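Chains as they are written, first to last, in my numbering: chain D, 2 to 578; chain S, 2 to 578.
Note that these hints are calculated values from the structure, not bench results.
Everything numeric in this text was worked out from a predicted model, so none of it was measured.
Any given hint could turn out to be false.
Identical copies look the same in the list; a pair holds intra-copy or inter-copy alike.
Claimed, not checked - Restricting the straight-line Cα-Cα distance to at most 30 Å, the calculated cross-link-like pairs of lysine-lysine (DSBU-like) are:
#1 466 - 127
#2 287 - 102
#3 6 - 127
#4 6 - 435
#5 572 - 466
#6 53 - 502
#7 493 - 466
#8 516 - 127
Number of protein chains: 2
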Amino acid sequence: MRTSKYLLATMKNIPGDAEVISHKLMLRAGMIRQLASGIYTWLPIGLRILRKVESIVREEMNNTGAIEVSMPIVQPADFWQESGRWNQYGQELLRFTDRSKRKFLLGPTHEEVITDLIRNEVSSYKQLPLNFFQIQTKFRDEVRPRFGVMRSREFVMKDAYSFHTSQESLQATYNQMYSTYNNIFTRMGLNFCAVQANTGSIGGHISHEFHVLVGTGEEQIVFSTTSNYAANIEMVEAVIPSTKRDKPSEKMHLVDTYDVFTIADLVKKYKLPVEKTVKMIFVHAKEDVKQPLVALMLRGDHVINETKVEKLPQVAKPIIFATEDYIRNILNLNVSIFSLGPINFPLPIVIDRSVALMSNFVTGSNIQGKHFFGVNWERDVALPEVADLRQVVNGDLSPDGHGTINIKRGIEVGHIFQLGKKYSRAMRAMVQDKNSCNTIVTMGCYGIGITRLIAATIEQYHDNKGIVWPEVIAPFNVVLLPINLHNSLRIKNTAETIYHKLSTSNIDVLLDDRKERLGVMFADMELIGVPHIIIISDRLLDNEEIEYKNRRSGEIQIIKLSTIVDFITDKITIGMR
Amino acid sequence: MRTSKYLLATMKNIPGDAEVISHKLMLRAGMIRQLASGIYTWLPIGLRILRKVESIVREEMNNTGAIEVSMPIVQPADFWQESGRWNQYGQELLRFTDRSKRKFLLGPTHEEVITDLIRNEVSSYKQLPLNFFQIQTKFRDEVRPRFGVMRSREFVMKDAYSFHTSQESLQATYNQMYSTYNNIFTRMGLNFCAVQANTGSIGGHISHEFHVLVGTGEEQIVFSTTSNYAANIEMVEAVIPSTKRDKPSEKMHLVDTYDVFTIADLVKKYKLPVEKTVKMIFVHAKEDVKQPLVALMLRGDHVINETKVEKLPQVAKPIIFATEDYIRNILNLNVSIFSLGPINFPLPIVIDRSVALMSNFVTGSNIQGKHFFGVNWERDVALPEVADLRQVVNGDLSPDGHGTINIKRGIEVGHIFQLGKKYSRAMRAMVQDKNSCNTIVTMGCYGIGITRLIAATIEQYHDNKGIVWPEVIAPFNVVLLPINLHNSLRIKNTAETIYHKLSTSNIDVLLDDRKERLGVMFADMELIGVPHIIIISDRLLDNEEIEYKNRRSGEIQIIKLSTIVDFITDKITIGMR
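Turn these sequences into a full structure, and let the hints guide you.
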């Protein structure tokens with residue numbers, strides 16, 4: 002490819018609305034352009050990378066015997082009504098009607114469609130297990146699309162669905178997908194990990210997420226300091242140390258705190274350890290619960306875990322945090338929220354396990370501008386319902402009993418689920434078993450966010466000059482930068498000869514034949530992240546030599562013109578490892 | 002691939018709702034399944050073919066230097082409002098709103114999106130010409146989806162858009178696309194032709210369609226018997242022979258025709274040549290025309306050409322044929338339509354060129370149950386406005402002045418347009434020219450209906466046993482049918498050895514390892530259309546031999562086991578030519 006007949010579309014300036022580095026670099030390198038909020042066009046450079054990632058995923062899926070199909074993007078409502086998700090799925094499901102007023106949706110996922118296919122086409126246990134996959138454009142009407150293709154509305158996904166007549170068979174395919182995902186992310190050279198995960202709205206009981214580990218990741222991953230334990234923080238139990246609550250040693254007394262409005266103020270003014278403070282959080286109750294409000298109590302330094310709170314039977318799902326007006330209206334107490342506390346509180350409270358272990362603590366008094374100090378459970382107020390409500394923190398005990406917790410950040414790029422019979426039961430997907438009896442099939446499903454994976458790779462592979470692509474998915478492997486191309490016949494001939502030699506050796510080579518200064522060409526190619534850069538100059542050609550620069554290491558070498566193909570082939574082979 | 006781990010999904014019965022052979026065979030061969038009207042899932046066999054066709058198209062497009070991009074399926078309304086098509090495009094444009102009530106559409110085509118990209122990314126004439134293409138899923142909300150993927154709502158299309166600063170440059174790329182399309186359809190072994198075409202709702206002034214020629218095609222293509230002239234019948238002029246109208250030789254007289262209701266009745270009862278009869282057709286006038294009805298007159302044996310009629314300035318576009326009630330209401334004449342005629346008619350009439358040449362003809366009298374015989378223009382009634390209104394017929398003069406017309410049927414699989422400045426002017430897509438002045442770019446666009454192309458190929462390549470794939474797009478090149486695989490170790494080992502040898506020689510091979518009778522396996526493979534079939538039997542293995550059958554020719558050969566790879570490789574090479 003020649004840059005003069007290509008669309009580079011690089012940008013010098015950092016686009017104002019891009020928050021994360023991958024989004025900035027994808028725009029600056031001319032990989033993508035936004036068409037509407039969360040909707041992107043893939044420009045030539047970006048598409049080359051996308052296709053290479055797709056190829057790796059397709060190859061690894063084919064290697065496992067998974068079979069590729071292609072399901073429609075536009076799905077009729079019927080199947081989603083059958084599974085129950087037409088009503089359950091929130092506004093992320095884009096629903097519309099066609100010219101005949103029939104209801105359709107843009108597929109964010111394809112469990113219903115593939116289950117319908119299987120119930121029609123597969124009749125015997127002998128045909129199972131089967132694992133189908135597709136690489137396809139999907140749509141999710143995100144409330145707040147952000148970070149470019151990291152959280153976009155239109156995106157490319159590899160989704161796979163497996164069908165079985167036994168849990169053992171499902172487990173075997175699940176394990177196979179687990180190791181296939183490891184292969185895929187390893188081939189791409191990523192620093193990633195698989196973690197236990199919550200199954201969320203897809204359903205099922207066992208699932209793992211695959212995260213690319215980067216400090217800017219939206220998700221928090223919990224590791225054990227001594228074992229292989231790894232899980233999404235959403236589902237990590239905060240294990241209670243075996244220590245009991247200290248005995249009361251202070252008297253409970255009321256303190257004026259009229260000029261204190263936050264936990265931090267309280268800690269600062271009274272030189273309290275934050276571990277002696279508590280805070281109350283209010284969420285809406287489920288509709289059929291008598292009290293419309295659920296009061297929760299956490300330690301001052303702890304953060305609520307929404308997934309855990311949603312598991313409380315009295316709490317509305319998805320979680321709704323109550324506004325101050327709503328809380329005051331229900332409680333009918335004439336105090337600010339910060340002055341609320343468990344003593345003489347008009348509603349039942351649920352307290353976190355850590356709070357249950359506290360003694361001599363400080364809490365709101367339900368009297369405006371006053372706190373109780375030296376409060377003790379049982380002595381001063383009955384112990385409320387206790388539950389695991391908080392996010393774990395570094396240093397907590399690991400739930401597997403080995404070591405303590407170490408939290409990192411990650412970007413979720415893959416998710417595998419054991420769905421079980423959630424969809425097959427709702428849609429009556431059955432096959433005949435060995436005894437000619439109908440049996441409902443068991444399912445697994447396995448997704449990789451292809452477009453997000455590209456952004457995550459950039460988060461891990463960049464420097465201050467731009468993107469540093471892993472060799473396997475680089476848009477081009479080599480770029481030729483000839484100095485003075487348009488005036489020197491020798492430069493032109495040499496550039497064309499090298500271009501021809503590399504192209505015919507099956508190497509993705511780009512020739513920068515623009516009338517630009519070397520500095521401009523260099524900056525563009527380092528921004529785009531071409532791994533190997535060759536500079537052709539009259540000065541070096543006098544010795545039959547050219548200059549090579551490695552994008553990643555910055556290493557510069559002067560090499561003989563005659564060895565160029567072998568040299569580059571070696572470099573690429575090393576890069577591919 | 003092994004059939005036991007694959008989804009064949011062949012069907013013995015012809016599905017009731019499938020009208021055309023390609024639709025029937027695609028269902029029976031397990032290539033596609035309908036999810037909703039005009040919306041199909043591509044099953045494994047079908048997808049393999051789809052991917053092979055896509056590869057051919059991509060390769061040929063890349064060869065021309067066209068650059069692949071990927072534009073979104075979901076497009077915001079803004080750009081279509083800018084081009085004017087948001088309102089102009091009919092109900093085939095599926096419009097919807099997102100969760101924020103913003104207007105969007107499912108892209109049936111991408112002129113607006115690419116034009117927006119170019120106006121943002123390209124600033125100088127030096128960067129042009131550029132030709133972008135994508136292979137992508139599109140949606141058109143057809144009023145009557147039919148014939149499977151031949152006229153579906155969701156479909157795969159290769160669309161390309163080129164940008165230029167001169168007509169010469171546009172013409173050059175247009176010519177290149179013309180020959181690229183020839184290459185693509187030739188590589189697929191199709192009997193096709195390029196024809197001059199109407200530009201329709203896409204716009205522009207010059208265009209060619211590419212048609213696969215089959216008797217079941219929806220379109221009529223006009224050829225000259227002696228020249229290279231070829232055009233879609235929509236736009237073929239009916240050339241008037243240079244002969245003048247015969248002089249009147251009969252007296253005009255009224256005849257009772259109360260028991261005559263059609264042209265055929267009239268011809269039969271009065272032994273008239275059909276060329277002496279005329280018929281009247283009524284269409285709605287444009288809204289701003291005084292008379293709400295336009296009356297047209299054609300010879301009894303001629304058919305109206307809607308494209309031509311739509312070009313009359315007084316006619317509503319798209320054409321609306323008037324109902325009998327509507328006509329009676331406007332005319333206020335108490336006679337049936339068949340009795341209407343030009344003499345004393347209350348509205349202006351437009352007559353076809355052929356009608357203008359008639360003399361001594363028969364026509365309705367505007368008196369119930371009576372016709373005038375021996376009517377002559379000018380003598381009996383003034384000659385009305387004359388226009389070219391009819392479809393040409395076999396034997397008409399070719400419009401290029403060479404030979405006469407021969408009409409065939411075809412399926413449109415490609416269409417190339419010189420768009421000119423229709424979109425670039427509306428959307429202000431400009432670049433700086435040599436003199437640093439802004440100039441509006443000139444555009445071309447080039448489409449291939451990938452999914453329809455597959456159906457058209459089947460229309461041309463099938464027999465009474467099923468599909469007969471051209472080698473280049475066959476889902477598998479070879480299938481192995483072992484007899485008694487599950488009981489004979491020798492058969493099993495031989496089958497596995499051949500399977501391994503062919504697979505490692507980069508040949509797409511399928512091993513049918515189902516527990517089925519040979520007849521069942523054979524029927525499935527002939528239905529699917531695998532070009533080369535190998536039967537492995539104990540009888541022939543005694544002589545180290547196997548049986549080969551060619552799907553297309555039916556030729557059977559007994560060949561030595563040791564020569565199998567070379568033999569098949571040769572066969573495939575021949576097939577690929």
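Hint-by-hint comparison with the structure:
| no. | hint | in the structure |
| --- | --- | --- |
| 1 | 466 - 127 | between (56 Å within a copy, 27 Å between copies) |
| 2 | 287 - 102 | between (34 Å within a copy, 29 Å between copies) |
| 3 | 6 - 127 | between (54 Å within a copy, 10 Å between copies) |
| 4 | 6 - 435 | between (62 Å within a copy, 18 Å between copies) |
| 5 | 572 - 466 | within (21 Å within a copy, 53 Å between copies) |
| 6 | 53 - 502 | both (22 Å within a copy, 28 Å between copies) |
| 7 | 493 - 466 | within (28 Å within a copy, 58 Å between copies) |
| 8 | 516 - 127 | between (65 Å within a copy, 10 Å between copies) |
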